Amino acid sequence: LAKTTQPISMDSYEGQEVNITCSHNNIATNDYITWYQQFPSQGPRFIIQGYKTKVTNEVASLFIPADRKSSTLSLPRVSLSDTAVYYCLVGIHGSSNTGKLIFGQGTTLQVKP
Amino acid sequence: DTGVSQDPRHKITKRGQNVTFRCDPISEHNRLYWYRQTLGQGPEFLTYFQNEAQLEKSRLLSDRFSAERPKGSFSTLEIQRTEQGDSAMYLCASSPGQWDTDTQYFGPGTRLTVL
Numbered sequence: 001l002a003k004t005t006q007p008i009s010m011d012s013y014e015g016q017e018v019n020i021t022c023s024h025n026n027i028a029t030n031d032y033i034t035w036y037q038q039f040p041s042q043g044p045r046f047i048i049q050g051y052k053t054k055v056t057n058e059v060a061s062l063f064i065p066a067d068r069k070s071s072t073l074s075l076p077r078v079s080l081s082d083t084a085v086y087y088c089l090v091g092i093h094g095s096s097n098t099g100k101l102i103f104g105q106g107t108t109l110q111v112k113p
Numbered sequence: 001d002t003g004v005s006q007d008p009r010h011k012i013t014k015r016g017q018n019v020t021f022r023c024d025p026i027s028e029h030n031r032l033y034w035y036r037q038t039l040g041q042g043p044e045f046l047t048y049f050q051n052e053a054q055l056e057k058s059r060l061l062s063d064r065f066s067a068e069r070p071k072g073s074f075s076t077l078e079i080q081r082t083e084q085g086d087s088a089m090y091l092c093a094s095s096p097g098q099w100d101t102d103t104q105y106f107g108p109g110t111r112l113t114v115l
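Chains as they are written, first to last, in our numbering: chain H, 1 to 113; chain Z, 1 to 115.
By construction, these hints were calculated from the structure, which means they are not laboratory data.
Please note: incorrect hints may appear among the correct ones.
Claimed, not checked - Straight-line Cα separation of at most 35 Å, DSBU-like style, residue types lysine-lysine; simulated pairs: (1) Z:57 - H:69; (2) H:112 - Z:11; (3) H:112 - H:69; (4) H:3 - Z:11; (5) Z:57 - Z:14; (6) H:3 - Z:57; (7) H:52 - Z:57; (8) H:52 - H:112; (9) Z:11 - Z:71.
To be verified - Derived coverage of chain Z by chain H (criterion: at least 3 residues anywhere in the stretch with Cβ under 8 Å from a Cβ of chain H; other residues may be distant): (10) 33 to 46; (11) 81 to 87.
To be verified - Beyond 10 Å from chain H on every Cβ pair, some chain Z residues (computed): (12) 51; (13) 59; (14) 91; (15) 103; (16) 104.
As the structure is a prediction and not an experimental result, all values here were calculated from the model.
Glycine included, each C-beta is placed from N, C-alpha and C at the ideal position.
The following block holds chain H by itself, in its conformation from the complex (with noise of 0.2 Å):
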């Protein structure tokens, strides 16, 4: 399984779009990335996924360059509210049919006003 790699930790301020880069070297054909959020004592929120290219959505975008050794999960205007774990997940789909989630440490992203 692909073993993914990310910032602990990020700081940034109300209102700024925050970045986060996840490196994913061993990526196989087949794998998915996505990208999960967890708040304290909450379980993890589903934020995006994709394979390739560009994905939007409400809330994200998810930049994945040709190769697919990295993505960047992108927060456009954080607010205080987004501070969170995020977590990066690749390798999980299509490689034991279970589906099962394998998560690292995530990267604890800090708000501040």
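Since chain H is already given, all that's left is putting chain Z on it; use the hints.
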């Protein structure tokens, strides 16, 4: 709100006691997962059900742990003879189960403290 629910939300027990947690998935979701999360770490996979069948168990799931999903709906996770190392947040998630890429929807978790 018809999301994933877990009961209880918090459980404090003494070492050696048995505890049981319940998870109610989103209606008609075929897949149900249990994860464990300790402080500062991401969730770790424990076990997975496709309907009522338990199809995979992590090596983290020792003999003291047992999970069931008797009618393919709710699930229970029992820990026998609890140890202090079992203290963690136990998370349940469900997905429709049609595709491996299906989004998993997590419950709020049950926080276990073993004294």
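Verify the proposed pairing of residue 52 of chain H with residue 57 of chain Z, using a straight-line Cα cut of 35 Å. Status holds; Cα separation ~31 Å.
Sort out whether residue 11 of chain Z lies within 35 Å of residue 3 of chain H, counting only the CA atoms. Roughly 33 Å separates the two Cα atoms, so the pair holds.
Compute the least Cβ-Cβ separation between residue 59 of chain Z and chain H, then decide whether it is above 10 Å. holds (13 Å)
CA of residue 11 of chain Z to CA of residue 71 of chain Z, is that 35 Å or under? holds (25 Å)
Within the assertion that chain H covers the stretch 81 to 87 of chain Z, do at least three residues meet a Cβ-to-Cβ distance smaller than 8 Å? violated (count 0)
Given the hinted pair residue 3 of chain H and residue 57 of chain Z, is their Cα-Cα distance within 35 Å? holds (21 Å)
Going straight from one Cα to the other, do residue 112 of chain H and residue 69 of chain H come out at no more than 35 Å? holds (31 Å)
Interface exclusion of residue 51 of chain Z relative to chain H, criterion Cβ beyond 10 Å: Non-interface label on residue 51 of chain Z holds, nearest chain H Cβ at 13 Å vs cutoff 10 Å.
Within 8 Å of chain H (C-beta), three or more residues of the stretch 33 to 46 of chain Z: holds (count 8)
Between the alpha carbons of residue 52 of chain H and residue 112 of chain H, is the straight-line distance 35 Å or under? holds (32 Å)
Minimum Cβ separation between residue 91 of chain Z and chain H greater than 10 Å? With a cut-off of 10 Å, residue 91 of chain Z comes too close to chain H, as the shortest Cβ separation is near 5 Å.
Pair hint outcome, residue 57 of chain Z versus residue 14 of chain Z [Cα-Cα no greater than 35 Å]: Roughly 26 Å between the alpha carbons, so the hint for residue 57 of chain Z and residue 14 of chain Z holds.
Checked against the numbered hints given earlier, the structure breaks hints 11, 14, 15 and 16 and satisfies all the rest.
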